[in-house]
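Residue numbers (our numbering), protein chains in the order written: chain A, 1035 to 1242; chain B, 1035 to 1242.
If you are wondering where the hints come from, they were derived from the structure by calculation, not from laboratory data. Careful: at least some of the hints might be erroneous.
Intra- or inter-copy, both count: the list cannot distinguish identical chains.
[Stated by the list, open to error] Each computed DMTMM-like pair below joins lysine to aspartate or glutamate, with the alpha-carbon atoms no more than 25 Å apart:
{"no.": "1", "residue 1": "LYS1076", "residue 2": "GLU1194"}
{"no.": "2", "residue 1": "LYS1076", "residue 2": "GLU1199"}
{"no.": "3", "residue 1": "LYS1195", "residue 2": "GLU1061"}
{"no.": "4", "residue 1": "LYS1062", "residue 2": "GLU1194"}
{"no.": "5", "residue 1": "LYS1145", "residue 2": "ASP1104"}
{"no.": "6", "residue 1": "LYS1107", "residue 2": "GLU1194"}
{"no.": "7", "residue 1": "LYS1195", "residue 2": "GLU1059"}
As the structure is a prediction and not an experimental result, all values here were calculated from the model.
2 protein chains.
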Amino acid sequence: MQGNKDGVSMPVIRRMARYYRYLCELEKGGAQRISSGAFANKLGLTASQVRQDFGCFGGFGHKGYGYVVDELKKELQGILGIKAPKSCILVGAGNLGKAILSMNYEGVGFKLSAVFDSNPKLENTIIKGYTLRPYSSIGDFCQKHRPDMAIICIPSASVEKVATELFQLGIKSFWNFSHYDISVLLPQAIVENVHLNDSMMTLRYRLG
Amino acid sequence: MQGNKDGVSMPVIRRMARYYRYLCELEKGGAQRISSGAFANKLGLTASQVRQDFGCFGGFGHKGYGYVVDELKKELQGILGIKAPKSCILVGAGNLGKAILSMNYEGVGFKLSAVFDSNPKLENTIIKGYTLRPYSSIGDFCQKHRPDMAIICIPSASVEKVATELFQLGIKSFWNFSHYDISVLLPQAIVENVHLNDSMMTLRYRLG
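Use the sequences and the hints to build the structure in full.
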């Protein structure tokens, strides 16, 4: 349903992100190499799946040696685009928006440029170094700074209007925390959803 | 990799949660019935996938009529366990924990019983009606109230210790916001992960 570059499937890409995260931890711990077997064990996968995943990008292991942590980390940084940050804006500074503000954007390939909220009472409030801007100024901001992505932390009822406006302003991708299905409204947009309610319902189901 | 009841695959379960969410919206809007085609369109799926998904649970449609919104909603409530809430606790009342506090737990089949934090300065603070409890009291609480699930909003470095303790205290399922892979540490546990960094890295990759 949703497109991706290079013909690599989304589950493989999601595992690349996990691999990268784990490599960062390994590096912090001082490890210099890791076998595909140890890698797989740590992440609940099989060694052949790990090798196959890296194979989608040409494969990075050394036969009988495994992977050099530092090398593989750099390869994944390149694949994921982590050292070439895209700019993003955050729309909606409620509880969730505020929590999201404290993420390490640089570590995941983004730079948070500005934060918007429609509540006039919050205007010019400073949260974690970001001055909250009125939503009414978002058009000017986008025309001037051309952000690549918008983080949507507003109530579902407002998303149709806001996503349509942002798309017309040139923002073609969304990190969507609302329950509104942006990718149905805007099939050309690149949308990554975090549906917390769906996640909890899935967990509830699994509890029996 | 991860178990589920009834032999139904996890993607189907995740779609059940989406269907349910959408049915709630339909009901609010006053709709009384919906065809599998309209359902599918709204969610970016095909009609046959929708029918096949419901088929996993016996199928609920009426040939040539579609689905009765109210009936289907009740069926999905039953499947997902939404009207039989399980009790949960939240561990870690930082920004993310606070944001998670304001979720509508009842609407997704849970009841939030207590909130814990290890910061002594926060002890007895009241946030959205919940009195923060010291982490040191979690053993007594679990023995007395037997919560079913723990929401993990603490730094990754503390998760191994905390998850192990909670598992020994009888909590067998986790909604995990940390980057620590609890399901590798505790293969018997039921774990639903929300990995925000992985989600952002996936989005970054797709931006090219």
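Okay, the hints, checked on the actual structure:
Taking CA atoms no more than 25 Å apart as the test, LYS1076 paired with GLU1194 passes between copies only; the shortest distance there is 13 Å, against 41 Å inside one copy. Within a single copy, LYS1076 and GLU1199 get their C-alpha atoms only as close as 43 Å, which misses the 25 Å cut-off; across copies the closest is 20 Å, which meets it. In this homomeric assembly, LYS1195 and GLU1061 come within 25 Å of each other (Cα to Cα) only across copies, at 21 Å, whereas the closest approach inside a single copy is 44 Å. Taking the shortest Cα distances, LYS1062 and GLU1194 sit within 25 Å of each other only across copies (17 Å), while inside one copy they are farther apart (43 Å).
With identical chains, the CA atoms of LYS1145 and ASP1104 are at most 25 Å apart within one copy only, with a shortest distance of 24 Å there and 44 Å across copies. When the C-alpha separation of LYS1107 and GLU1194 is checked against a cutoff of 25 Å, the pair qualifies only between copies, where the shortest distance is 24 Å, while the shortest distance within a copy is 38 Å. Taking identical chains as interchangeable, the C-alpha atoms of LYS1195 and GLU1059 lie at most 25 Å apart only when they sit on different chains, with a minimum of 17 Å there against 41 Å within one chain.
Going through the hint list in order, the structure satisfies each hint without exception.
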